[in-house]
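Colleague: Now for the letters of each chain:
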Amino acid sequence: MIRRWRWLVLFALGVLTTVSYSAVAEDESIASKDVVFEIFEGVADKRSWDFDVSDAGATTFTAPAMALADLPKKYNNKGLIADRKGPFVVRGTTRVELPEGEYRFLLRSRGATRLFVADKLVAETKFREPSGDGHGAIPELVAAHEPGLAELPPENQERLVTISLDGEPHTFRVEAIVADQGLRPELGELSVSVACTCEAPSIEGEPTFKLVAAEPTIPLSETAWAAYKREERGRLAKFNAAARAEAGREETEYWNRRHEIAREVIATREAVEIPNSRGADKAFLTPIDRFLLEHQKESGREFAPLVNDYAFLRRVSLDTGGVIPSPAEIEEFIKDSSPDRRARAIDRLLADSRWADHWTSYWQDVLAENPGIVKPELNNTGPFRYWIHESLADNKPFDRFVTELVMMEGSAMYGGPSGFGIASQNDAPMAEKAHVLAKAFLAVDLKCARCHDAPYHPFKQKDTFSLAAMLDRKTQSLPKTSTVPVSEQDRKPLISISLKPGDKIEPEWPFDALLPSEWAEGVVRDANDPRELLAARITSPANDRFAQVIVNRVWARYIGWGLAGSPDDWHGQEIAYAELLEYLSRDFVANGYDLKRLARAIFLSRLYQSEVVAASDEDRPQVALGPARRRMTAEQVLDSLFAAVDKPLGAEELTFDPAGRSPADNFRNLGLPERGWQFASLSNERDRPALSLPAAQHVIDVLMTFGWRESRQNPLTERDDAANVLQPLALANGVVGSRVVSLSDDGAITRLALDECTLEELVQRVFEQIVSRPPSKQERDLFVELLRDGFDARRTKAPPRAPAAQKQRHAVAWSNHHSPEATRIKIELERTMRNGDPPTAKLEGDWRERMEDMVWALVNSPEFVFVP
Amino acid sequence: MTYENRIDRRAFVKGCGRSALAAAGASLLPRALHADETSERAKPPLGKADACIFIWLGGGAAQIDTFDPKERGDGRKKPGSYYDAIDTAVAGIQVTEHLKRLAPLMDRCVLLRTVHHKSVDEHAAATNLMHTGRPTTGTIVYPSIGSVVAHERPAADGVPPYVVMGYPNVARGPGFLGAKHGYVYLTQSDAGPDGLRRPPGVGDARQARREELAAKLRNRVKAEHPHDAKLQEYIAAAEEGFRLAGTKFMNVFDLASEPDSLRNDYGSEFGQRLLLSRRLVQNGVRFIEVSSNLNFVNGTGWDTHNDGQLKQHGLIQELDQGMAALIVDLENHKLLDKTLIVVATEFGRPPEFDAGGGRGHQSRVFSCVLAGGGLRTGRAIGETDELSKKVASRPISVPDFHATIHATLGIDPASELYDGDRPVPITDQGKAIAELFV
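Chains as they are written, first to last, in my numbering: chain A, 1 to 868; chain B, 1 to 438.
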């Protein structure tokens with residue numbers, strides 16, 4: 001197709017050019033309504049478009065419009081997050097047919113981008129200018145071209161061109177270069193949108209620009225763009241899940257074979273008989289319950305009363321997704337009249353993707369995941385949280401999970417298990433990893449044996465370094481800094497020291513006496529690889545200890561007390577419920593090391609569904625059997641606070657380099673957090689106001705107060721959960737607490753308060769929203785009394801105000817943070833943040849304050865922060 | 001020694017029962033680990049101070065431009081001080097010309113000119129080392145010196161023992177001592193700490209209404225679960241917390257009640273933080289870390305690479321004004337002998353200039369300062385070479401520096417803390433500088 005064109009190209013700089021072209025053949029084979037994107041890796045890194053791309057191995061995916069804010073992940077042949085070879089090109093292509101007329105096209109991007117229409121270059125953005133220091137000037141923020149247009153992110157570029165189209169379909173193509181010049185492999189926001197010059201800007205503030213697509217319908221407004229990005233996250237999560245399943249298909253087959261072997265190993269064992277105990281409550285008893293009652297035969301202890309339905313749902317929701325149930329979930333559960341509605345709720349919750357959010361926090365602690373966002377030097381690891389999260393989302397067999405961790409493959413800096421292998425500024429990273437692994441999966445505590453022989457455990461320092469040698473695949477030489485000086489005159493240490501600095505330690509399994517050394521036939525793929533041998537020793541179906549440790553961990557997390565005492569140190573511990581532990585761990589091994597199956601068995605038990613039995617009562621024989629009292633974890637508190645009022649967290653992106661201009665090896669971007677586990681320390685040890693991220697810091701303050709660790713330099717299972725005065729105060733007076741309580745325009749309580757309903761209904765809904773249950777009669781009376789005055793006249797006619805304070809735009813980043821203006825902006829932002837979310841004008845002020853006080857009272861009730 | 005001969009701590013725990021452990025563990029276990037500890041080890045010198053104001057010059061203050069002046073350099077090729085030196089109240093001790101208010105007060109100070117460490121010359125690792133006294137290991141997170149002091153010298157009820165004026169960071173944290181020994185912090189002297197300060201728009205009447213509603217909900221929970229220790233502990237903490245936030249303690253943060261002339265003496269925001277510190281000390285706070293790195297003044301704060309050097313004198317003058325005012329003010333309140341002022345930083349800076357006219361990092365020797373605390377002041381400890389590049393005599397290790405601070409506060413630097421059942425000495429074999437103690 002040859003066609004003559006007249007182009008009117010208007011660049012954003014105000015240069016008006018008229019160009020004539022002869023268009024060459026366009027690709028008419030594109031049939032999809034979606035925009036097809038491809039990624040080509042490893043192009044030349046020379047700040048130019050002068051290179052060829054090879055189609056080999058390109059990743060292909062689609063989007064509903066010519067706009068992206070993120071890219072699919074790359075996976076290696078084991079289904080692990082891998083790094084793309086940079087720089088790489090992202091190319092999006094689509095056929096667009098617009099009525100004849102004159103159009104304005106808006107190209108937005110972070111880095112170098114080109115836009116082609118009918119194979120002709122019509123707009124181009126520049127290559128980025130990397131910046132290592134912080135001495136730059138704060139860039140100007142670009143004003144929007146028309147009212148209602150989504151803001152251009154700071155330091156991003158845009159080009160505006162005017163083109164006449166002839167009413168025929170044409171191919172549009174956008175290309176972006178990513179991960180060039182040693183910068184992080186982040187795309188940033190990329191979009192192409194279009195507006196007909198014939199269309200007048202709307203007075204409602206809806207922009208005329210729409211994202212380019214076969215049929216452009218999505219306006220480039222702040223809200224529509226936010227929704228587009230949200231949908232993209234969901235779409236990419238699905239795409240990534242399918243991609244890693246496909247990439248790891250052969251690996252999955254290997255694991256299927258291993259699980260066959262595991263079943264055979266278990267089949268050779270003498271079966272563990274389920275006792276035929278019957279409790280007074282014969283309603284339902286699972287095998288777990290029968291073991292427990294058998295165990296308590298002599299004491300005669302029975303189960304505590306069944307916990308009520310509302311408390312059950314809140315409990316099991318917190319234990320699966322890590323967050324309290326929504327009113328819709330409560331309604332679905334309560335309205336379900338089937339006799340097995342608890343089982344149905346359990347299955348619904350186990351299938352919910354939030355399962356991965358809740359368990360990621362746990363393994364971050366246990367595995368000492370410790371990423372830093374700037375020049376990490378405090379025993380920091382890579383952010384292997386993303387691999388943990390994906391593994392849990394996939395309900396990956398746990399032996400495979402552990403094997404992948406030990407093998408430390410995939411991406412080191414962008415989320416693969418290879419990031420586990422890093423320990424910045426540590427004198428013996430592999431010894432440190434040996435300590436983590438032994439504690440996590442074998443309940444062997446090598447903490448003391450890291451620097452000398454352990455005084456209270458049967459482990460020598462050599463044991464730690466033998467494991468380290470296996471992990472490192474080579475002989476280790478003991479660093480001087482990993483020893484205790486013995487020549488002190490005034491102190492004679494009683495710890496025993498059997499290694500000297502410089503001693504050589506060979507790779508060998510040190511626990512022959514403690515743990516079986518054999519593994520089942522067919523488990524090991526490369527018997528010459530000490531690291532793989534270590535993974536096999538730990539995860540072999542012949543290693544009962546491994547399965548038992550995991551079962552005990554899951555049990556202890558859900559019940560609040562363990563079957564085998566401490567979750568991570570079994571030395572000298574008596575296993576109280578040995579038969580039950582044996583039964584559950586065999587079931588675990590014989591069924592593919594399936595965490596959800598194990599969790600389901602626990603949730604279905606009469607024990608789990610009993611009322612809480614306070615720990616202080618545990619030893620009193622007349623006291624019933626039930627789960628222990630558990631305070632919510634820090635992440636549960638945080639996520640539930642925001643779920644209770646259905647507000648976004650509102651934290652900043654976790655990076656000091658939002659525009660991606662600083663060297664990838666020193667700066668990380670942990671993204672925009674939506675759940676507690678996604679946070680990391682903002683610590684930069686520089687005390688510069690210009691580097692503060694105040695909204696995120698306030699969230700972190702709450703997390704830390706409740707026991708979350710901003711620095712996970714060492715592995716930990718049981719956090720410090722002692723009560724302290726700062727916990728209730730953080731909720732009562734803190735910025736996050738105040739944001740939660742405030743009836744701003746964006747929260748659920750404001751919506752409920754504006755709804756047509758009676759006061760009694762409103763009180764009930766607010767109770768369900770926050771504490772997941774209806775109020776007692778006294779509670780209802782209390783709050784009806786509080787809110788009656790002015791209830792009928794509570795609604796005003798005021799228009800909505802802007803939502804949260806953190807919407808303030810600024811361009812402060814590492815690259816310019818030395819400028820005095822950067823400090824001024826951030827100090828001002830901190831002040832604004834302290835004022836909390838501005839309240840809605842749609843509710844009359846005095847009544848609104850009383851409603852807020854009700855929310856405050858519920859959030860600050862001890863009931864809120866404990867698992868019921 | 002064989003394993004069988006060792007005390008099996010868990011057997012020991014079982015034998016004593018859990019509740020006995022807390023009492024027994026603290027006194028028995030160290031002896032189990034260190035034979036005849038008390039008889040072999042000389043008693044360290046101990047001071048009588050009750051509080052510490054720890055001024056942190058984040059970024060790495062140049063000793064050669066502050067407390068250890070040398071021959072002038074030219075700001076480009078020729079290494080040396082960037083400013084002239086002046087005499088002080090103590091014969092033989094000079095400081096930079098921009099410390100003109102502190103110079104006459106030098107008899108209340110001790111200059112530690114040979115602090116040094118081998119940490120990587122980068123901020124996070126060095127800051128952590130200077131706060132915890134140890135490098136990171138991977139098996140344990142060491143507490144900051146502030147948390148250790150808070151642990152060893154608890155404050156009275158209703159008073160937070162450890163306050164930070166600056167940004168939260170890992171180095172300032174409580175480590176294995178747990179959140180209970182962490183800090184409350186504020187980033188502006190007029191803001192009050194988050195959590196203790198009531199949110200805007202909540203006056204006394206509204207707060208009373210809120211607490212009345214909360215008490216009704218809380219009392220129901222309290223009555224329904226009388227034996228539930230965890231719940232009851234949380235409720236007790238909440239009740240104590242509301243008392244704390246409601247009491248006169250919060251008035252401490254109201255600097256407006258100080259005379260204008262005194263506020264002017266202290267100067268800028270950094271000075272106001274020091275004034276607030278004095279008020280906190282008066283009210284029983286044990287350890288206050290005050291950060292001096294508002295990069296307003298010169299862009300980089302104390303991390304004076306490149307053009308950060310040009311206005312470094314502004315930072316030094318701010319430190320000079322605030323610290324001199326603090327010394328005089330504490331003295332007027334008869335608190336100087338009871339309050340140790342510390343000036344610390346993560347490393348120093350070399351005498352050479354970088355391509356942009358600033359300075360790089362130098363951890364092999366740098367200066368810290370002590371003042372008051374009932375110490376034998378008016379002296380400098382340690383000497384550096386002609387350009388302050390190397391220790392010439394009397395090196396001071398980071399553990400020794402920490403041991404000196406602890407000892408001044410009456411804390412034995414060799415006594416042990418516990419990470420679970422693992423004993424950890426407060427300092428890594430640090431020895432207090434003996435000649436500073438009476």
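Hints were generated in silico from the structure; no laboratory data involved. Nothing here was measured: the structure is a model prediction, and the numbers come from that model. Among the hints, erroneous ones may be present.
[Claimed, not checked] SDA-like mimics (lysine to any residue), calculated; alpha carbons at most 25 Å apart, straight line:
id, chain 1, residue 1, chain 2, residue 2
1, B, K43, A, D721
2, B, K222, A, D721
3, B, K216, A, D846
4, A, K480, B, A355
5, B, K222, A, E863
6, A, K777, B, K43
7, A, K375, B, A355
8, B, K216, A, E760
9, A, K375, B, R134
10, A, K596, A, D347
11, B, K338, B, N251
12, A, K480, B, K390
13, A, K460, B, A205
14, B, K248, A, N835
15, A, K500, B, A89
16, B, K222, A, P774
Colleague: Does each hint fit the structure? Answer for all of them.
Modeller: Results for each hint:
1. B/K43 / A/D721: With a Cα-Cα distance of about 37 Å, the restraint between B/K43 and A/D721 is violated, given a limit of 25 Å.
2. B/K222 / A/D721: Within the cut-off at roughly 19 Å; holds.
3. B/K216 / A/D846: holds (22 Å)
4. A/K480 / B/A355: The hint is violated at about 37 Å.
5. B/K222 / A/E863: The given pair, whose Cα atoms are some 10 Å apart, holds under the 25 Å limit.
6. A/K777 / B/K43: Violated: A/K777 and B/K43 sit about 66 Å apart, past 25 Å.
7. A/K375 / B/A355: It holds: about 22 Å lies between the C-alpha atoms, which stays within 25 Å.
8. B/K216 / A/E760: holds (19 Å)
9. A/K375 / B/R134: holds (19 Å)
10. A/K596 / A/D347: holds (10 Å)
11. B/K338 / B/N251: holds (22 Å)
12. A/K480 / B/K390: Given that 25 Å is the threshold and the Cα spacing comes to 24 Å, the pair holds.
13. A/K460 / B/A205: violated (63 Å)
14. B/K248 / A/N835: holds (23 Å)
15. A/K500 / B/A89: violated (51 Å)
16. B/K222 / A/P774: Holds. B/K222 to A/P774 sits at ~19 Å (cutoff 25 Å).
In summary, the structure is inconsistent with hints 1, 4, 6, 13, 15 from the numbered list given earlier, while agreeing with the others.
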